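Participant: Here is what each chain is made of, one letter per residue.
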Amino acid sequence: MNQISLNPRLRTDITFPKWNGLKSYAVGSALFSSTIIMLILGTLLIQSHPALFANDLNLLSEVWDPAGGQYGIIPMIFGTLIIMSIAMIIALPLGVLSAIYIAETRSDRLKHILKSSLEVLAGIPSIVYGLIGVAYLSIWVAEGFELQTGRVILTAGLLLALMILPTIMTLSEDAISSVPRAYRENAASLGLYHYEIIKDIVLPAAKADIAGAALLALGRALGETMAVMLVIGSLDRLPSPLFNVLASSQTITSKLGREIAESAFGSTHFSVLVLMSLILVAFTLILTIAAQKLFTKDPHNA
Amino acid sequence: MFSRPIKLTLGTWTLTAALTLLSACSSPSTISVSGSSTVLPVVSRAAQAYSDTTGQRIIVNSGGSGVGFNQLAESKSDIGMMSRDITDKEKAQYPDSQFTPVAIGIDAVIPVVSSEIYEAGVTALSLADIAAVYKGEVDNWSTFGGPDKEILVIDKEASRGTRHTFMKAVMGSSTAKAAGADLVLGANNEEQTAMAQSDAAIGMISLAWMNDDVRGLSIKDGASLIDPNLKTIADGNYPIARELIIVIRDDISSEAQKFVDYILSPEGQTFVETSGYIKINP
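Residue numbers (this note's numbering), protein chains in the order written: chain A, 1 to 302; chain B, 1 to 282.
Don't read these hints as lab results, they were simulated from the structure.
Treat the hints with care, as some may be off.
[Unchecked claim] To spell it out: a stretch of chain B is covered by chain A in this simulated footprint if at least three of its residues, at any positions, have a beta carbon under 8 Å from a beta carbon of chain A; those stretches are:
1) 58-72
2) 153-159
3) 173-187
4) 191-198
[As the list claims (entries may be wrong)] Across the chosen pairs, the derived CB separations fall in these ranges:
5) THR284(A) with SER224(B): 55 to 63 Å
6) ARG57(B) with SER240(A): 45 to 53 Å
7) VAL128(A) with ALA196(B): 19 to 27 Å
8) VAL128(A) with GLN48(B): 23 to 31 Å
9) ILE46(A) with GLN98(B): 26 to 34 Å
10) ILE127(A) with ALA196(B): 18 to 26 Å
11) GLY145(B) with ILE46(A): 52 to 60 Å
12) GLY123(A) with ASP212(B): 51 to 59 Å
13) ALA196(B) with LEU39(A): 42 to 50 Å
[As the list claims (entries may be wrong)] Part of the chain B face toward chain A, derived, beta carbon under 10 Å:
14) LYS89
15) GLU90
16) GLN93
17) TYR118
18) GLU150
19) ALA201
20) LYS231
Only a predicted model underlies this, so the values are computations on that prediction, with no experimental measurement involved.
Ideal Cβ placement from N, Cα and C applies to all residues, glycine included.
Turn these sequences into a full structure, and let the hints steer you where they fit.
Facilitator: Written as structure tokens, this is what we have:
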């Protein structure tokens, strides 16, 4: 994932010291990580195989009932997508705008303080966010919208937005700060206003890195389990009407979190759950590839 | 930004290696127990007292009856805690192993409502009333003489023993679907929190988990009322009762067997009572 966030300026040739031990350690580590990815994909494929080729599972239905042999995964996929969208719609503009504010208008000292606190925020374990979600956020949502319960799609989306905001802010800030000073000075000497420099010079130059930040955040949003599980309501049903964000729902991760341990290894139930995680991995892969194609085609002309 | 992760990786490696070594050293003498959060209070109290006197290490984890059985069957634990019987489907998945359920106490599943509803006068419902709520046929407390509020119907994860017992008594089948459910939650404490946060909820909870915010309903049976208390459960009148079970494999270690014997001993049985349940050997 890091590759797409590499700005051409950062891609300087890394020269290894003439110590072969370190070099082979680096090569070994790289191979090791790629082997793990292959192993994970392979395992997911093998384990989800029975679900893919079994008949009568009604995978594309809306009914989830393992006791009755019904394994409809549509509600979970829908829940995942809608919660991810809410989180990104809220967090991306907020995060990028805050990053511009911090990077372009604050003194170095204040920037340092803000950045450090953001990095702490990004490192808080998700269960802590989940507990805050159960104790406060879901109550506020329930009171604000006069709902029976605050464990709904909107709460999960807001909580996720809160969780990925620091990632977007701190990485976008890195991206904006690393645009060379010479660019800004040239633009300023041509008579551009500060906001024009930001809009026409700095942001386009930092575009690929900001996209990388967004993608990393999206990855976290897709994979977040504990916090979402606690505030989503865990109802395997499509909301009605479909885009009613004040209804309880279920995501792929919350489903896995609640059920993977209780399904017997090798059973159909287990296999369908693995299939859902395969779909999740596929989402992430497609997003990564799409972002690579979109943002790194011609880095010199970005 | 790109130099820091390398140090981190090295640190993580060292930590992982150290942890692996640690866990490898401690595993043989440790008894691992997991499963139903209903049985958990009894076993963890007993485990505390047992390890204080014998020095035996015991790890007790929650997860639900289904998890308890699976971990036991896959040799990830020594003892499984269950608040329902092992299903035929579960047995069929592990044909090569023999499992022995041991009853250690008796519990009841209580239909509970938010304190606001209880204080507004809904203190008893018949099993048919409760079934209608879970089926989605009744969705307002005014039907039962309560306030004009929509009912927040709280269901439980399908593998939970509490749900099996409740659905069997109320709907007639332990795996009955609840079309009227608004929320699906897991352990008793999660349900207790949601019940306390709402002012119009109905749910199912194990006897030991009732409190001032989560009030148990009496069951209407014709003209008579059956209160949820230790007496009606012990004499078998309360209709939604079950045995608390721990399950063992036939290749159980001698340390784990000694702990099971301890739970069944008169001293061990006192923890069944302190946890709010009823002793199996009165």
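Participant: If a hint holds in the structure, say so; if it doesn't, say that too.
Facilitator: Results for each hint:
1. 58-72: Coverage by chain A holds here, the residue count being 6 at a Cβ distance below 8 Å.
2. 153-159: holds (count 3)
3. 173-187: holds (count 8)
4. 191-198: Answer holds; 4 residues pass the 8 Å Cβ test.
5. THR284(A) with SER224(B): 55 to 63 Å: holds, 59 Å
6. ARG57(B) with SER240(A): 45 to 53 Å: holds, 51 Å
7. VAL128(A) with ALA196(B): 19 to 27 Å: Given a distance of about 21 Å, which is inside 19 to 27 Å, the answer is holds.
8. VAL128(A) with GLN48(B): 23 to 31 Å: holds, 27 Å
9. ILE46(A) with GLN98(B): 26 to 34 Å: Roughly 30 Å apart at Cβ, these two residues keep to the hinted range, so it holds.
10. ILE127(A) with ALA196(B): 18 to 26 Å: holds, 20 Å
11. GLY145(B) with ILE46(A): 52 to 60 Å: holds, 57 Å
12. GLY123(A) with ASP212(B): 51 to 59 Å: violated, 38 Å
13. ALA196(B) with LEU39(A): 42 to 50 Å: holds, 45 Å
14. LYS89: holds, 8 Å
15. GLU90: holds, 7 Å
16. GLN93: Given a least distance of 4 Å, the restraint on GLN93(B) holds.
17. TYR118: violated, 17 Å
18. GLU150: holds, 6 Å
19. ALA201: Since chain A brings a Cβ to about 8 Å from ALA201(B), closer than 10 Å, the hint holds.
20. LYS231: violated, 34 Å
Checked against the numbered hints given earlier, this structure breaks hints 12, 17, 20; the rest are met.
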